[in-house]
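Undergrad: Since the structure of chain W is provided, determine the placement of chain B on it from the hints.
Each chain is listed here by its residues.
There are 2 protein chains.
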Amino acid sequence: MVISDTHILGKDTPSIVYALRGLAYVEIEVTGPSQDLHSGIYGGAVHNPLNALCAMLAQLQDESGHILVPGFYAKVRPLSDEERAELAKIPFDRQAWLEEAGVASDWGEPEYTLTERVSARPTLDINGIWGGYTQPGAKTVLPSRAAAKVSMRLVPDQKPAEVIELLKQHLLDIAPPTVSLTVRDLNSGEGAIVRRDSDAMQAAFRAYADSFGREPVFVREGGSIPVVATFQQVLGIETILMGFGLPDDRLHAPNEKFHLPNFYRGIETVVRFLEYLGR
Amino acid sequence: MVISDTHILGKDTPSIVYALRGLAYVEIEVTGPSQDLHSGIYGGAVHNPLNALCAMLAQLQDESGHILVPGFYAKVRPLSDEERAELAKIPFDRQAWLEEAGVASDWGEPEYTLTERVSARPTLDINGIWGGYTQPGAKTVLPSRAAAKVSMRLVPDQKPAEVIELLKQHLLDIAPPTVSLTVRDLNSGEGAIVRRDSDAMQAAFRAYADSFGREPVFVREGGSIPVVATFQQVLGIETILMGFGLPDDRLHAPNEKFHLPNFYRGIETVVRFLEYLGR
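Each protein sequence line maps, in turn, to chains W and B. Take the first sequence: its position 97, counted from the start at 1, is 97 in my numbering, and no numbers get skipped. Take the second sequence: its position 203, counted from the start at 1, is 203 in my numbering, and no numbers get skipped.
Honestly, the hints are just simulated from the structure, not real lab data. Since this is a predicted model, take the numbers as computed values, not measurements. Just so it is clear, CB atoms sit at the ideal spot from N, CA and C, and this is done for glycine as well.
Within a straight-line C-alpha distance of at most 20 Å, the following computed SDA-like cross-link-like pairs (lysine to any residue) qualify:
no. : chain 1 : residue 1 : chain 2 : residue 2
1   : B       : K139      : W       : R184
2   : W       : K139      : B       : G189
3   : W       : K159      : B       : A138
4   : W       : K139      : B       : E29
5   : W       : K139      : B       : E256
6   : B       : K168      : W       : G137
7   : W       : K139      : B       : P226
8   : W       : K257      : B       : S34
9   : W       : K139      : B       : E27
10  : B       : K139      : W       : L186
11  : B       : K139      : W       : P226
12  : W       : K139      : B       : R250
13  : B       : K139      : W       : N255
14  : W       : K139      : B       : K257
15  : W       : K139      : B       : W130
16  : W       : K139      : B       : P254
17  : W       : K139      : B       : H252
18  : B       : K257      : W       : S144
19  : W       : K139      : B       : T6
20  : W       : K139      : B       : P247
Just a few of them, taken from the derived set where beta-carbon distance is under 7 Å, the chain B residues facing chain W:
no. : residue
21  : P33
22  : Y42
23  : L50
24  : A58
25  : T134
26  : L142
27  : H252
Chain W stretches covered by chain B per the calculated footprint, using a threshold of three residues with CB under 8 Å from any CB of chain B:
no. : stretch
28  : 118-131
29  : 138-151
Okay, chain W solo, but in the shape it has when bound (with noise of 0.2 Å):
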């Protein structure tokens, strides 16, 4: 199999991707009154399920980044002495990466690289947030429900399912008897390490050399194709990344861009795989 949504390195250092996060992601609902109220008149002796959700999604995570959820780091497989100087030795710009990043610094696990930190650790995010009234203006409403959407990176050997369970569970422990919680998984997948040492890797990994005029390094990807752990498990198959994307093609967000010549490189690439897969 091969799938083409990763993306190299730079635009002129190729990559291939031989590991994939997983992905655990909820959609988090707390109901308080059973309709909207006067914060002027209810404010103080009904509990707000805005101000409810907060307190309960601060206790999911700590300042420096680290999960707060119990036993979320039970099954997290350290990483090994030798997987780390592998991963340092992966070229990386912290100037350029800060500037597509668009921030002044980075943030995260102090005790982790920051390429550790994207690609073999796991993460929380909160995606989305909405409640109450959000229109220009104030309006004093105490509103009857108040939700946000929740996603999980994942890392070998954590089950996305195992990991829902237990955020539910401790979301369950930390919410306040006065309101109500309702916890959706909404889109979850495993994550997936593929073998290096096929001959169809071999392939890839010539082709993007001889395309790009440089030898391809072997990366761990920070996001999650849910379909390649599917792929091992029912068809009993292996899947080539080939992705041409950069980095700071702003995937998911506005202006989503990608870079041309890596188009025609792709081209290229994709052609040499199939000539060297043939021989």
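TA: Using the frame of chain W, we list chain B on its own:
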């Protein structure tokens, strides 16, 4: 001055508001990366403004409703034993209140009664929050910004401008260095206490009594009508708050209503008020 913007205790239980809470209303915006990012690529290494905002909002109030902004309670005039005894005499049907609010139980500062909490104690409510992806389904975005509207009801002798400065300082103190913060003052106003011994107030008292067949009780209102303080300070005049709403009118909420018999009793009350005041 006469303002008709308050409610009475029940359809057959008239009341006159003599104290209003002040209001401090702000919009808080947390900005992280310069554009939305993919959480699979940057999650764990770029501080997510939604995670940061929720963590900050959770540090404004404890689970029992006590406000954690340093200095917030410094100027709160303590409730006297006499005033607490007076507030305790206001007819209050707890079960009816819970049904009106649409909640199974009340919430808030355990050392104050429910009547005190909704009228004589300061409060803090998140009135709205937004950021990231909020449509159906899953999208793994790490948004560029997140925002919330937060309002505080104030009691004598809290000043809105001072309270907003305390809140801003607290937010700056707890804001992580990896995001930036703006706090905008949206709509603030002082609370007020109006004289109960004026001729006009006596005329209003008798007008309610004769129209509803029952003497009104004097109550403090949890909401805010900032112009009452402005009339006192600029024009030097008192305001009679002659309202006819009911607590379950769903103010500021969907399906807001007005109880029609109160419309006709309101007309009678106003006619009598003008007559008694003229005498």
